[in-house]
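Going down the list, the protein sequences come from chains A and B.
The opening position of the first sequence corresponds to residue 834 in the numbering used here, with each subsequent residue numbered one higher.
The opening position of the second sequence corresponds to residue 834 in the numbering used here, with each subsequent residue numbered one higher.
Hints in this document: simulated from the structure, not taken from any laboratory.
Check before you lean on any hint, since a few could be wrong.
Unchecked claim - Here are some, though not all, of the chain B residues that point toward chain A, as calculated from beta-carbon distances under 8 Å:
#1 His1035
#2 Tyr1038
#3 His1054
#4 Pro1055
#5 Phe1056
#6 Pro1059
#7 Leu1061
#8 Glu1065
#9 Glu1093
#10 Lys1096
#11 Arg1097
#12 Leu1139
#13 Glu1140
To be verified - Here are the simulated distance ranges between beta carbons:
#14 A:Arg853 <-> B:Gly897: 58 to 68 Å
#15 A:Leu1139 <-> B:Arg1123: 15 to 25 Å
#16 B:Gly1052 <-> A:Met834: 31 to 41 Å
#17 B:Gly970 <-> A:Val1132: 31 to 41 Å
#18 B:Glu1064 <-> A:Arg853: 43 to 53 Å
#19 A:Asn1091 <-> B:Ser963: 49 to 59 Å
#20 B:Glu1088 <-> A:Arg853: 47 to 57 Å
#21 B:Glu1064 <-> A:Ser1128: 37 to 47 Å
#22 B:Ile1051 <-> A:Asn1127: 14 to 24 Å
#23 A:Thr887 <-> B:Pro1017: 36 to 46 Å
#24 B:Lys1022 <-> A:Gln1120: 27 to 37 Å
#25 B:Glu1064 <-> A:Gln1120: 42 to 52 Å
C-beta: ideal position from N, C-alpha, C; glycine also.
There are 2 protein chains.
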Amino acid sequence: MSIVAVGSIAFDSIVTPSGRAENILGGSCTYFALAASYFTEVRIVAVVGEDFATEHEEIFRKRGIDTQGIERAKGKTFRWGGQYLDNLNEAKTDFTELNVFEKFEPRILRQYMDSKFLFLGNIHPTLQASVRREMNGVQLTGGDTMNFWINRTRPELLETLKVINVLLINDTEAKMLAGEGNLPRAAQKVLAMGPQALVIKHGEYGATIFFREGAFGIGHHPFRAPTLPIEEVKDPTGAGDSFAGGFMGYLASQEELNREVLKRALFYGGVMGSFAVERFGTERLQQLTREEINSRFQVFRELTHLE
Amino acid sequence: MSIVAVGSIAFDSIVTPSGRAENILGGSCTYFALAASYFTEVRIVAVVGEDFATEHEEIFRKRGIDTQGIERAKGKTFRWGGQYLDNLNEAKTDFTELNVFEKFEPRILRQYMDSKFLFLGNIHPTLQASVRREMNGVQLTGGDTMNFWINRTRPELLETLKVINVLLINDTEAKMLAGEGNLPRAAQKVLAMGPQALVIKHGEYGATIFFREGAFGIGHHPFRAPTLPIEEVKDPTGAGDSFAGGFMGYLASQEELNREVLKRALFYGGVMGSFAVERFGTERLQQLTREEINSRFQVFRELTHLE
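Next comes chain A alone, as it looks inside the complex (with noise of 0.2 Å):
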């Protein structure tokens, strides 16, 4: 079943140890759709400037993405630098600029309204929340946030979280939205904001899955999917979109949701994120092969297989 992808599209300058890409397609969205295309349809909503050209529009077209979702916008599109010369597991910015991404207001074509499922990349939550009520026959809503809707619009996320049913974040971001250090109990604390099930996700160690009581079945043991980068890491950038990518794509092509189910999908997210930071931007993303994503999903089950 198809899914709708709201979020970033940008254009990313990037340093790490491996060397450095200038003005390379980038973005949440971008992440996320290519991730997601190797399992489902998916259908992006964004934002681009006049800078956005042909062979950008080409990348997502390549991957059977639908772009018409792609609002145009008058100036130059969203741009982001970052460097990981010290610490591969985190970004310092160098520079944001918003452009076209500061005013943008997502609308959501008539001819995707019957997609099933939706994502809702790390933008304002009142944004958010608003593509939710709009995209009201969807049967499972994913979402991104960060620290600084969490410390700026508490009160709008928190609304937000309502009508999420797999809030996605990580480590830092679920301790900070919980005000709780200890994991499984921010986990508790999130889950009883709103989602039926929260994935928290540990950078290169994996993710792991928290349910809320009785959502997707019955238990309440929590559940957790390694990574581990396979080959040199060469850019870090656009781990974690991926990682979504790979989780609400799985979901997505599959006909019941059960917690067996959202179990592999968090196996398929690290595989997705493992294979994006082998490249710098997207590059590694574009030309997989659904072979080489099963191969990975096997060596990760491997891993923590006990017989």
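Place chain B on chain A using the hints.
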């Protein structure tokens, strides 16, 4: 089968966000021995000063640990003070007083010589190697080290690594020892230095074991066991040593050493580490039951078990 553990006994003064404790029993050998004592007979080789009292020895004796190998020297026991106010994952050392530990030369009692398992705690690599030579009948030697020895005594450490079967270190130490930032590649480099298996501890995210080709069975897949702080983390001191104690203790309790056994041992390491941090010092490790240990093993197994 019994295991001989060589390392430090200390008195620790610890400050964490949950409180503080002064001059409580600690040291790598202490945590290791208590954790391992739930699986097998443990014999310790360490040095203490005149301030080491009957009440301290009782903590070992109550767990059936053989304390005959504790040397009593003139002076004070090793003291360490540290705090975790900024970061629960990394101690900030307030003071280190080596005292009698400075001149520690481990001596193996004649009656310890029949032990088939040996754990070389974090001491000078030349001392580690000399103990290993003395104990020439051992079947499996585990070892720990740290940044200090990796930087200051690299040639001696490289010699010692040739006689260690399983090295247990953390991510930073593994990357530093290998001079390589990619974890799987760092692991291969360390394995080429001697050990048949390398356990890399990831703190609250568990640990990964890498095998040298052909060691403990066929295949080349690494394996990861999780850990999860079930209760509040009161005091992280000794988590890594307790991990090593659970890991080595379980190995020593098994008839055969194959990859499945080493994988299970990795789970028991995570289990014992997760218990250790629930109370200050060794409090929790003094009063566990096998039922509690088995039950947490099942929780961690559920955490990563894909149908």
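Return holds or violated for the Cβ distance of Glu1064 of chain B and Gln1120 of chain A against the range 42 to 52 Å.
holds (46 Å)
Outcome for the supplied range 47 to 57 Å, where the beta carbon pair is Glu1088 of chain B and Arg853 of chain A:
Because 55 Å falls inside the window, the suggested range holds.
Holds or violated: Glu1140 of chain B as interface residue toward chain A, Cβ cutoff 8 Å?
holds (5 Å)
Using the beta carbons of Arg853 of chain A and Gly897 of chain B, state whether their distance is inside 58 to 68 Å or not.
60 Å Cβ-Cβ, so the 58 to 68 Å window holds.
State, for the Cβ atoms of Leu1139 of chain A and Arg1123 of chain B, whether the hinted interval 15 to 25 Å holds or is violated.
holds (19 Å)
Answer holds if the nearest beta-carbon of chain A is closer than 8 Å to that of Leu1139 of chain B; otherwise answer violated.
holds (6 Å)
Would you settle whether the hint for Glu1065 of chain B is holds or violated, based on the nearest Cβ-Cβ distance to chain A being less than 8 Å?
holds (5 Å)
Minimum Cβ distance from Phe1056 of chain B to chain A below 8 Å?
holds (6 Å)
Between the beta carbons of Glu1064 of chain B and Arg853 of chain A, is the distance compatible with 43 to 53 Å?
Given a distance of about 45 Å, which is inside 43 to 53 Å, the answer is holds.
With a cut-off of 8 Å, does the beta carbon of Glu1093 of chain B approach a beta carbon of chain A closely enough for the hint to hold?
holds (5 Å)
Taking 8 Å as the limit, does the beta-carbon of Leu1061 of chain B come near enough to a beta-carbon in chain A?
At about 6 Å, which falls below the 8 Å cut-off, the nearest Cβ of chain A leaves the hint on Leu1061 of chain B intact, so it holds.
Could you tell me whether the CB distance from Thr887 of chain A to Pro1017 of chain B stays inside 36 to 46 Å?
Holds - the Cβ-Cβ distance for Thr887 of chain A and Pro1017 of chain B, about 39 Å, lies within 36 to 46 Å.
Consistency with the previously given hints is maintained throughout, with no hint failing.
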